[in-house]
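Peer 1: Chain by chain, the residues run as shown.
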Amino acid sequence: MMQDLAMHMLEILMNSIGAGAEKVVLSIRDSAADNRIDMRVEDNGCGMSEEMVRKVTDPFTTSRKTRKVGLGVAFMKGLTEQCGGSFDIKSVLGEGTVVSASVQRDHIDLPPMGDIGEMIMYAIQANENTDLELYYTTDNDRFVFSSSEVRQQLEGISLVEPDVLLWIKEYINEGITHAKEGVE
Amino acid sequence: MKSLEDLKKMREEALRKVEMREGGKDYRVVVGMATCGIAAGARPVLNKLVEETAEKNYNCVVTQTGCIGMCVYEPIVEVFGNDGSHTTYVHVDPEKAVKILEEHIGKGHVVEEYTVDAVRAQ
Ligand SMILES: Nc1ncnc2c1ncn2[C@@H]1O[C@H](COP(=O)(O)OP(=O)(O)OP(=O)(O)O)[C@@H](O)[C@H]1O
Ligand SMILES: [Mg+2]
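Protein sequences appear in the order of chains U and C.
Counting in the numbering used here, the final residue of the first sequence is number 164, and the numbers go up one at a time with none missing.
Counting in the numbering used here, the final residue of the second sequence is number 1270, and the numbers go up one at a time with none missing.
Please keep in mind that the hints were generated in silico from the structure rather than gathered at the bench.
Mixed in with the good hints there might be a few duds.
Claimed, not checked - Ranges of calculated distance between the beta carbons of each label pair, as one might list FRET restraints:
id, chain 1, residue 1, chain 2, residue 2, range
1, U, Tyr115, C, His1239, 35 to 43 Å
2, C, Gln1270, U, Lys35, 25 to 33 Å
3, C, Asn1205, U, Glu150, 16 to 24 Å
4, C, Val1246, U, Glu150, 49 to 57 Å
To be verified - Listed next, the stretches of chain C that the computed footprint assigns to chain U, with coverage defined by at least 3 CB atoms under 8 Å from CB atoms of chain U:
id, stretch
5, 1149 to 1156
6, 1211 to 1217
7, 1226 to 1238
8, 1242 to 1251
9, 1254 to 1260
Ideal placement from N, C-alpha and C gives every residue a C-beta, glycine not left out.
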């Protein structure tokens, strides 16, 4: 159902946005040398109680009313278990949440990275007012994207202008491709 | 290679378009992108909507939301008008998305056959 890592990460980002976060930081460390991909989403949203954190990785937990089963977190956790990795959530009510997932980079069951630029575009489309930061780190380079920086440059033009969205998507994918150059 | 400098030009371009339109956008087009929507094929629909809107300069913004609460009808596209109107299109594919933009956003005609009411009545 989840074709790539980007869509898994989008689910986690959507939770952060849904939790009313003003700022969400996605850090991806893509290391061929360590044979690991680390994904980390940190938000300053509403956070969860200890009990909620415990329950949240159980697929029968959700606070939504329209559908009984929340799947985003459970899917991500399942993926890490399947791909020789680890998973962790730390959350403080009223302060925020950090979701960390790590997988073995060359694991046979690992889906492809997918389209990170598109994923960030989707996240911006979910709430253009959330400050989104992306750090994409490879063994010898790092690409950084900040939606608030783009917003500043645009001075009053919305981030969800379609031209802007498409630009953001391509800008990010170019940056990531550049950061990956010479690594493999 | 793209740079943040591009944004200055985009800003001018966007301002020019806004002036042509005299004010804000008349429609908000929202795609359901929860797990169920993505599984049902919402991604190509959302991408098509953004690309077409950019290319043809339709009078709308395109955003996305989580679960709209009718998983069996995904992919779902909702169109909200400035006048308070609200239309729900169901089982949308990229081709239908193009037609919705053309007819509804472009000409103000609801594409009745794709609406949830039409599909439910079948
Ligand atoms: N970053 C977060 N901050 C606060 N609460 C969170 C966060 N992430 C998850 N939650 C809580 O955990 C619940 C489960 O999340 P999960 O993504 O697994 O399912 P869901 O969002 O309810 O449904 P979906 O399947 O559409 O993702 C959420 O409903 C929310 O209450
Ligand atoms: Mg979720």
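Peer 1: Can you take a look at whether the stretch 1211 to 1217 of chain C is actually covered by chain U? Rule is 3+ residues, C-beta closer than 8 Å.
Peer 2: Held - the stretch 1211 to 1217 of chain C has 7 residues with a Cβ nearer than 8 Å to chain U, which meets the minimum of three.
Peer 1: Between Asn1205/C and Glu150/U, is the Cβ distance one that fits in 16 to 24 Å?
Peer 2: 19 Å, holds
Peer 1: Does the Cβ-Cβ separation between Tyr115/U and His1239/C fall within 35 to 43 Å?
Peer 2: 38 Å, holds
Peer 1: Counting residues of the stretch 1242 to 1251 of chain C with a beta carbon closer than 8 Å to any beta carbon of chain U, are there 3 or more?
Peer 2: violated (count 0)
Peer 1: Go check the stretch 1254 to 1260 of chain C versus chain U for me, would you? Three or more residues, Cβ under 8 Å, otherwise it fails.
Peer 2: It is violated, with 0 qualifying residues against the three required.
Peer 1: Examine the stretch 1149 to 1156 of chain C: at least three residues should have C-beta closer than 8 Å to a C-beta of chain U.
Peer 2: With 6 residues closer than 8 Å to chain U, the stretch 1149 to 1156 of chain C meets the three-residue bar; holds.
Peer 1: Could you say whether the range 25 to 33 Å given as a hint is met by the Cβ separation of Gln1270/C and Lys35/U?
Peer 2: 40 Å, violated
Peer 1: Okay, the stretch 1226 to 1238 of chain C and chain U, do three or more residues pass the C-beta test at under 8 Å?
Peer 2: With 0 residues in contact (Cβ-Cβ under 8 Å with chain U), the coverage given for the stretch 1226 to 1238 of chain C is violated.
Peer 1: Kindly confirm whether 49 to 57 Å is satisfied by the beta carbon distance between Val1246/C and Glu150/U.
Peer 2: Taking Cβ atoms as reference, Val1246/C and Glu150/U lie about 22 Å apart, which means the hint is violated.
When the structure is compared with the earlier hints, violations turn up for hints 2, 4, 7, 8, 9 and for no others.
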